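Novice: Let's have the full structure, built from the sequences with the hints guiding it.
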Amino acid sequence: MHPVVKLVTQRIALGLLLLLAVSALIFFGVAALPGDTAQAMLGQSATPEALANLREKLGLNEPIVWRYLHWLGGFLTGDLGVSLANGQDIAKSVGQRLGNTLFLASCSAVIAVPLAITLGLIAARYNGRWPDKLISGVTLATISLPEFVAGYIVMYFLAVRWHIFLPTSLVFSSMGFLERLQAIALPVIVLVMVVLAHMMRMTRAAILNVMESAYIETAELKGLSPIKVIWRHAFPNAIAPVVNVVMLNLAYLVVGVVVVEVVFAYSGMGQFLVDSVTKRDMPVVLACGMIFAAIYIGLNIVADVVSILTNPRLRHPK
Amino acid sequence: MSVELNHLLKSAAKGLISRREFIGRASALGVSAAMAGTLLTTAAKAEEPKKGGLLRAGMSGGESTNSLDPALAASEVPFMVNLLWGDTLVDVNEKGEIVHRLAEEVSSNADATEWKFKIRAGVKFHNGADVTPDDVIATLKRHTDEKSQSGALGIVKGIAEMTAEGDTVTLKLAAGNADLPFLMADYHLIIQPGGGVDAPDAGIGAGPYKVVVNEPGVRHTFEKFADHWDKDLGHADQVEIIVINDNTARTAALQAGQVHMINKIDPKIIDLLKGAPGMSIESVAGRGHYVFIMHCDKAPFDNNDLRMSLKLAINRKEMVEKILGGLGSVGNDFPINAAYPLFDDTIPQREYDPVKAAEYYKKSGHDGSPIVLQVANGAFPGAIEAAQLFQQSANAAGIPLEIKREPDDGYWSNVWNVAPFCASYWGGRPVQDQMYSTAYLSTADWNDTKFKDPHFDEVLIAARAELDQTKRKAMYSELANILRDTGGLICPMFNDFVAAKRDEVGGWFADPNGEMMNGRALAKCWLNA
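From first to last, the protein sequence lines are chains A and B.
If you're matching positions, the first sequence starts at 1 in the numbering used here and goes up one per residue.
If you're matching positions, the second sequence starts at 1 in the numbering used here and goes up one per residue.
Okay, derived cross-link-like pairs now, SDA-like style, lysine to any residue, Cα gap no bigger than 25 Å in a straight line:
| # | chain 1 | residue 1 | chain 2 | residue 2 |
| --- | --- | --- | --- | --- |
| 1 | B | Lys210 | B | Lys224 |
| 2 | A | Lys92 | B | Thr221 |
| 3 | B | Lys141 | A | Leu51 |
| 4 | B | Lys268 | A | Val259 |
| 5 | B | Lys124 | B | Val197 |
| 6 | B | Lys224 | B | Ala129 |
| 7 | B | Lys404 | A | Ala32 |
| 8 | A | Lys57 | B | Trp446 |
| 9 | B | Lys452 | A | Leu51 |
| 10 | B | Lys298 | B | Val372 |
| 11 | A | Lys57 | B | Ala202 |
| 12 | A | Lys57 | B | Gly154 |
| 13 | A | Lys133 | A | His198 |
| 14 | B | Lys264 | B | Pro277 |
Bear in mind the hints are in silico, worked out from the structure with no lab data behind them.
Because the structure is a prediction, the values reported are computed rather than measured.
Specialist: Okay, structure coming up:
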């Protein structure tokens, strides 16, 4: 077997094992929280009678290990079950929200990743001079703002004051692609602001690191233009750390944007997960948790594989 | 047209200022009397219901776990959603009177033990079927069923027997209850075809709007139900509720015109919003109250002198100013205010009195160990700050009050009704009997102050069947005084329902029964485009 195929298979198998562990962790973790679904759903209006009835109906009286195995069996056969709180089909409601989350994440990534890398290259090229300082200053400022503050600021100017975009990002299935793009403009702007600095700084640092090497000096002495030196000679050797950071940020865009979702009332996975944890809606929490974990693990595998592929020493182990 | 003139016109059209005053003030703005007259007629016409359009509300209080099953409705969005697609037998109007909805006549026998509801003829559900007495009984049965998890279970428990005869439903009660129609107005008791037994969350009812999209926690859209019987409801062709739980985002959506009305304005920003163009704050005194509750059966709160010292050690006026931004009224340590029928306004108001509080505290013989108050902001908005104010005013009287912060998550299951002293919230009920029976009767499930007084119970049950209003009022006054002087409830304030709407929304009026015109704002308002 080709070493790369072997490596990928290994990583995927490990990832699956990890997922299993994550599922157990989430299940027992949520079960350990005080209160159960019945109490959370009925809230202040819970009478002992209604509680007992609801517990019976939801099957909360079964032993916990049995409930876990039951859920696992369903999950492995592709049956996510129904929400305990409102009886809706989980696959359907999660599917829609996952689609929304991925749409927001990919739109932000399409803008943020190339922009961050380009800015990083420019900053490296003009290291220590005003373009570098300007880029670093601005991106560090935007990352330092808490997401909700950034959200409120863009909302205030672009929606309330100038009426360019709508303040809340309502999307639904009958919307056209362009309409959707317009609806999510504000959260995309905020997310780009938040993830830009991290990737930009890493690109800049990785390239500056490589620029110290002797072969770069050779390239410079050959008379190549500085941009060409960076693009052709320095950047390929700086890809591994950059890809790692990019993947981390992509993972963040998918799993970590609940605050932005709340601020713009966007119906993504984050808000869904928080609601479900509050209601102790175990099957939904598990479904969301597994998807998040799978995305996280998946992106990390991609990052690993890409760094290996771009590194001849790792690609051809002796 | 200038902003001032526009504002004047609106006030005149609503009858807030007289015609003469309008013309006088308009001429001060440089408008001729004849012109002002014409303007006023146009404006008054604008207050006639306008048909058509898409009316949108941005609301907090919706979660992705919400269901269309009326039995499970507990937060603001399901409350409003269910009243759009469904309807109840009767409703309570803004003056506290019974309004007939699906029942067109309500009558009782002399001791209020037997009630007859005549079901309105020709009313259709969205599936085309007629609303029949059998549907009504099936609905009530579903909510009274032993297996039910309905929020209305406690309300309908007292019904011993239900029978349908012709177009009339007869309810026989175990004990007389003069307030039964008010109980039937509860928002859980939405009449569903076949009682909703087969599909409780189908969203099929007899309300003015049909469910089009139901995405819990995101949005709910509706279109007008053409066969709806009541032409005074449902002016817009389509209505939509967008769930925006974030306070700032909800306000921004209103300011930007994305939605026409929003609920739950944060008291902290009311002053900022008052100057904002194109919108108005709509505040109405309701029956909800923010409270601190002590368990009367647990030390040290089993000592009435200690309870009294705490009641005297809270500064109610300051709380209304600082926690409610002035949009509310002071409480008097019983759960009833002027928004209830038969309220006795002669009961003296309890004031902050650190000297007396210290006296009672000394008399109670408390050992000086800290008195712990458990609080989370989930109890009511601003609960932590309210507790801090309470702590300061109590410490000034020498009472060692300490605050223990609790997480919002799980507050209602782990702290409320469990901890001996904590913050809480009550939404109020349409009538006094229901409020007292829900939370202060010895045997009540939700007796969250563990207040047990056989005499109180006796008077409460006697008042329930008393049809003589003068006697009844005296009985409720006695109950209020008992609770005020011996109960475990510290009630510093009643909160207003504060909503906001854009100026193009017509038909809005204040309804103290619940927020957003008791959940019917989208059906009762219209768009002056």
